[in-house]
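Residues per chain, in single letters:
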Amino acid sequence: MTMEILAPEVTAAGMTDEICDIVLTRRLRWWLPCFVVALGGLGLLGAAVGWLFYAGIGIWGIDWPVVWGLAIINYVWWIGIASGGTFISAFFFLMRVEWRTALNRIAESMTLFAAACAGIFPILHLGRPWFFYWLFPYPNSMGLWPQFRSPLLWDFFAILAYVVSSVLFWYLGLLPDLASLRDRAAGRTGQIVYGSLALGFRGTARQWKHHRAAYGVMAAIMAPLVVSVHSIVGLDFAGAQTPGWHSTQFPPFFVFGAVLSGFASVLFLAIPLRRLLRLEAYITERHLDVLGKLLLTSSLCVAYAYAMDAFSVFYGAEPAEVTMFMERAFGLYAPVYWTTILFNILAPQLLWSRRARLSQPLVMAISLAVIVGMWLERYEIVVTSLHRTNLPSAWGVYHATFWDWATLAGTVALFFAGFLLFVRLLPVLSMFEMRELIAKRRGRP
Amino acid sequence: MSARTPTWRSLAEHEGDPAFIARVAAEFPGLARVLAEGPDRRQVLKLMGASLALGLGGCDPGDPKGRIIPGIKAPPGIVPGIENEYATASVLDGYATGIRVRHQAGRPMQVVGNPAHPASLGAVDPIAQARILSLYDPDRSHGVSHGNQQAGWASFREAFERRRTAIDQRKGDGLRILTGTVTSPTLVAQLAALQGRYPLMRWHQCQAVSRDAVRLGARLAYGRPVEAVYRLDRADVILAIDSDLLSTAPGHLRHARDVAGRRNPVAGPMSRVYAVESTPDLIGVMADHRFVAGPREIHQALTALAAAILRQGSPQPGAPAWLAAVAQDLAAHPGRALIHIGPQQPAEYHALVHALNEALGGRGRTFDLIEPVEAAPIDQATSLGDLIADMADGRIQDLLILGENPVFTAPPAFAEALKQVPFSVSLGVELDETAQATTWHLPEAHPLEAWSDARAYDGTVTILQPQVQPLFGAHSAHEVLALLAGDRAPDGYAIVRATWAKLSDDAWHGALSSGVVSGTAGRPVDPPLRSGATVLPAPPDRQITLLLRPDPYLWDGRFANSAWLQELPRPLTKLVWDNPLLVASALARRLGVGNGDLVKLSAGGATLTVPVWIQPGQAEDCVTAHRGWGRRQVGAVGKNAGFDFLALGDGPLSVEKAGGTYALATTEHHNPLDAAPDGVVRHGTLAGFTADRQFLQTPDPQASLYPPQPAGTMAWGMSIDLNACIGCNACVIACQAENNVPVVGKDEVLREREMHWLRIDRYFEGSVEAPRVLLQPMLCMHCEEAPCEVVCPVGATVHDAEGLNVMVYNRCVGTRFCSNNCPYKVRRFNYFAFARDEVRSIQARNQEVSVRARGVMEKCSFCIQRIAAARIDADKEDRAIRDGEVVTACQAACPTQAISFGNIRDQASAVARRKASPLAYALLGELNTKPRVTYEGRVRNANPAIVEPSA
Amino acid sequence: MAGVFEPSANLIAKAALLVFLEVLLAGLGWWFFAPRTDYASAVGWVLDQPVPFSHEHHVSGLGLDCRFCHTSVELSATAGMPATETCMTCHSQIWTSAKLLEPVRASFARHQPIVWNRVNALPDYVYFNHSIHIAKGVGCQSCHGNVGKMALTEKAQTFEMQFCVNCHRDPGPNLRPKEALFDTDWHRTAATPPPDALMAQYHIGGRGLTDCSICHR
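Chains as they are written, first to last, in the working numbering: chain E, 18 to 462; chain P, 318 to 1268; chain W, 3 to 219.
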């Protein structure tokens, strides 16, 4: 059978009812326990950050020479995960890819909360976080400006722009659906809350016209942003002459990596959500199949990047580079390197098989492997590069401390807390776009 | 500073006087609490920490709380913001090394070398520099104690008076005085006077780090005590046998300068240095050939050497292979060859070495003989033995221990016997083991607080002048002896001045300001060498010999409470805060242990469990243990640091694996032998150099895409001569003192967070059994194309017009990207508020350098505060800064002048000339960072006749 | 459907957005401007002092030179505060029983220093040197204002970094002839050499005066 992106029985009205029901009436037994756990994690995050600000970043495992550690790793990891949503919601929107419609909202919300998690790390990471605003060019009583040659500065701008426009894009997309919720809400509070959030969207032709235009423009802004943000994150490393970082391929390399982890995360969230919220009719096996293929594709891109990474080391034959790479592949941190290969390159190869793509547990497992693998990749890039630099006298090791892990766990909790609230309070499908899609499909003979 | 210290200012008068405490609080915030509440050091440390925030009170208006406290009368010669410097000496085991003390706002702040002093020539060793810390050490002894209860000077003087009447009647019978080695003319005069007054009194000497073998050796060789003074600048060939010539021997700074002067082939003909060592020492690092030899091989080598040189015979079988070549080399340089042997070797060996040096015609050329510098060169072991015996027999009623800590350093028998002495007095700067064991303890004036005098290795006398009035009403040995002599109000100044009554006031003041009393160098003597070959006793046949050596920095333990010295990486192990047992890798393999694994030592019935550390180049049949650690009664810093190997008895030593490990902190985190230093520390042989003077050069890196740095008239640069560096660490401490570099403690070093701006990288080359050591001082290179600058988002590290790579602490937000991008990894980060939490008195900090806060990056600044001072002086006089006007702290302290610094645009400057050397190279030049610091490659003057296994 | 919102809701929403925007701007404005007020930088505010010392009286009235009390201003980084001794050189003869001067006499008698409240302060990480500024023709007035008009001493400049930097970027206008350095009420006249001439006369310009390393170590 050919897989459809819509179950045959789906109708526009039925879809809207069902999705609104999830928010307005449906009981979700599994929701509260999950949320409580997430809140617990948030508490841990609070403790970790509080202690960090009180005691100083010495509570982390960073040392000399490995002055960057989990904070940077987590930052790059989260921002990479965020990319997946933007790709689906913006890129594929611009390309008029129909299957993206059902996944759009989930993916975008994921982007939002992942970006939020990413956003806090650059500040936590500072030795003197209370001066983070010095990175921003504003007229000050010191008569000074930031240093525009530094990749970190542009990283600061990029992440700021990315988070802000992600929020706007997401909210813009929500407006019509908020309006639908307002109209269907039973209680007055619901009506008022959703009503106020809908900003008076009544679905007049004029409003639709403006909305379409704005949505399109935002999409057109988001698409290049997602590329730029990861390129600049790549530059944070490529801009340095540190062995293992000093490579022109980093910007695309980081985009590949980001996309890989992004799609993996979308899969990892969509599959269970589909079950729990009974969305099989809208998120069909076709969607999973397509995402599986995307995952495989991006994994191949990453494989290419890894290969180039190794190749350029030996092609350049810089002693320091070679030393570092041999250490990375066969030294103290070798397990990290090979696990990275296993999780990011080898595991996704299973997806060549259609049966594998359709086995949801397997796809879940692969996605998880990729998510973990991408974290390990960043660990390998940050730590192994720094622990073997040009001078043997400056070689050292790095071990994360409890507080490093607590901060990571805390941000995971932050992500899920946010995502759970989204599932509970907002439509998980972009209803107005679905309606268009359905109309379009049903329109055909 | 020749003003007289007021006499007999007793703290007892002030005890509990709030006004007085308030005054002290204003002056020494950290110490106020001590006076108010007695020795509760935790509170003191809190106060010390707090006092950092307070800034200096007094006439310096730097009080963030917004107060200005001018003086009542402007003190003469002290202008706020202008430094003073006063000469004095640092005395270790009797031998003086000239120093000068920098004062800021009228307070001693840093110890620097004294160019006018023969043993210093401007250089200063870590121990001397660390004295500034001990001066302000809150753990110092701060009051008279009786039976470990606080008491006042008044009560002591009463008790003492009563004893004196008894002593008088006994004509001094039962009165003993125990000192270390004494060179102070004043102290000797006082002791002589006492001897006259109390004929039956006896004076014992005992220095923990014994030089008996040196004394006895000279006596055996010449039939009378003499002191050998070495002229290493005149020696073309030096054979150093287990020698401390460059590390701890009296005059070692001078020795280092003289040897180093002959080690750079560009400067002139190189000397050749052979080292024969059981355990690596600094001379072995500098040596062209280093031979690993245990006690037995050393014995064989000497016997063979005697045969070869004294009897022109060929070295008999059993002699090491290299010996013939060495003997030949020595013999080939009559009058220009020298042999030196370490104080740990038996007296007979020393006697033989004297004979050999005479045979090599060195007298008057490579060494001179002078009257002993010591006042009474006796065999101290015997002297101590007698004292212990007499104490045990209860023949001693009164014992005066001046400045030594025998309860810790002498055999346990001493402490036992001491219990038999009814009236025992210890005079000491700190509350040490002896202070606890004696009936009375008196706080001794710190060397920087008291009037005294002492002689250098060559006999030159220095008058020690107080840099500050005694902080705790402490008193010097002179004053206490005067008290014993019946002087009711002893005055250190008067006592010392009396010794030098023959000096006119002008001469006296001249001596004080220059730091040397002219014409006091030892007279050369001309004793004939006793004929008759001495028989060399073979060393006891032991499977493993324990070499008990003084720690290079804690010495016999007297500096155990100095945070700087504790955290100063040991030259060859780079270990801090601990003294594991140093073993050869072969032995470690036999025992099945690695670094940090615990072993059980047993000797003479006593056992000790300690960690081991594999020391490349260690003789397989020797293990080395450093003394001075594991102090039982010591301040907070020295507590639980290291192990006291003196607990082991004599007799054969057995070592076995104990199981378990112990965390050892080292500042070199890589396996020493897996690093190939070829490109990093460029080195080669003299043969290679003579063949092609450019042999260490590599093709220039490609052109840079960046615009060249602005070519002003000033461009600061530095050149470091790797041929001269001996790894003594003087520069490291100098940098720490000058730049307020914090101490982080063992745990943070274990976390790889040490803060030294200047580190000395150590690489090994060759086999682990007999490696060659390569050293490289590493500091900010002040790259012209500094990678750190481009990556800082806030521009906290930037270039200035004179090519300095400036670190602006108050702009730093702590992204630490600069450190990632620094190929030399010379940047240090304040992960915690290290400066706030360390034990360093506010007075011991350099006011001219910011104290860095938590969360900021820091690094070497080329001592920018000194550059700024010179800049301002020059601008005020509308002239350019002269060459040599700016001397960095490391450069000033360096005994071998390995470091030169100045304006590289000025072709006449010393540094420009050094950089023009064919040996000069830029580290990691291929990265095109254009470092302003360059190195002069290391050249070995190898003897072609010797093929080294490791070569 | 039952309208939850009256048509006025649109207006309210717009107003709410506007208010939100304004609050945001106001907050930013406060954050930006508050530190720049004289109140925040304490310019022109008089502090209580143990002795109500009047520069106006001593400088304008009696014509004392700055260096009479601030002795090290030409030698050292710090201008130096007068020791009690200095006050007593005159006040042991005149106003010997003045109530106001009691603290000074007490200080001298009891050997307790007078504790003044600091008027002009720089952060610890700024290394300002008085002597070089005097040597290079920057008068006291440029930073300390016309103390000759201050009955009670007050802060005349913010001493924010930009205050220093602005002058370091272009010192000329703030230079004055040697004889005018200690004149507390000096103004450029037609006779005064132009800034460039003074720059040349004082040999200023050889240094990168805006290098961080000039003030920070």
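Careful, some of the hints might be misleading.
[To be verified] To give a feel for the contact side, a few chain E residues facing chain W, derived at Cβ under 7 Å:
hint, residue
1, 158
2, 160
3, 164
4, 212
5, 217
6, 238
[As the list claims (entries may be wrong)] In silico lysine-lysine, DSS-like type, Cα no more than 30 Å apart, as pairs:
hint, chain 1, residue 1, chain 2, residue 2
7, E, 226, W, 151
8, P, 891, P, 819
9, W, 151, W, 101
10, P, 1193, W, 138
11, P, 390, W, 101
12, W, 180, W, 151
13, P, 390, W, 16
Hints are computed from structural coordinates only; laboratory data are not their basis.
Each residue gets a CB set at the ideal place from its N, CA and C atoms; glycine is no exception.
Hint check results:
With a cut of 7 Å, the hint placing residue 158 of chain E at the interface with chain W holds, because the nearest CB-to-CB distance is about 4 Å. Using the Cβ-Cβ criterion of 7 Å, the hint placing residue 160 of chain E at the interface with chain W is satisfied: the shortest such distance is roughly 4 Å. At about 12 Å, the closest approach between the beta carbon of residue 164 of chain E and any beta carbon in chain W exceeds 7 Å, and the interface hint on this residue is violated. Taking 7 Å as the C-beta cut-off, the interface hint given for residue 212 of chain E holds, the closest approach to chain W being about 5 Å.
Annotation: interface hint on residue 217 of chain E holds; nearest CB of chain W at approximately 5 Å, less than 7 Å. With 7 Å as the threshold, the beta carbon of residue 238 of chain E stays out of range of chain W, its nearest partner Cβ sitting at about 22 Å, so the hint is violated. With a C-alpha separation of about 70 Å, the suggested pairing of residue 226 of chain E with residue 151 of chain W is violated against the 30 Å cut-off. With a C-alpha separation of about 49 Å, the suggested pairing of residue 891 of chain P with residue 819 of chain P is violated against the 30 Å cut-off.
Of the supplied pair hints, the one linking residue 151 of chain W and residue 101 of chain W holds, its CA atoms being roughly 23 Å apart against a limit of 30 Å. For the proposed pair residue 1193 of chain P and residue 138 of chain W, the alpha carbon gap of about 8 Å is at most 30 Å, so the pair holds. For the hint linking residue 390 of chain P to residue 101 of chain W, the alpha-carbon distance of about 22 Å falls within 30 Å, and the restraint holds. Only pairs whose Cα atoms come within 30 Å are accepted, and residue 180 of chain W paired with residue 151 of chain W is accepted, the gap being roughly 22 Å.
Under the criterion of a C-alpha separation no larger than 30 Å, the hint pairing residue 390 of chain P with residue 16 of chain W is inconsistent with the structure, at around 72 Å.
In this structure, the earlier hints numbered 3, 6, 7, 8 and 13 are contradicted, and the remaining ones agree with it.
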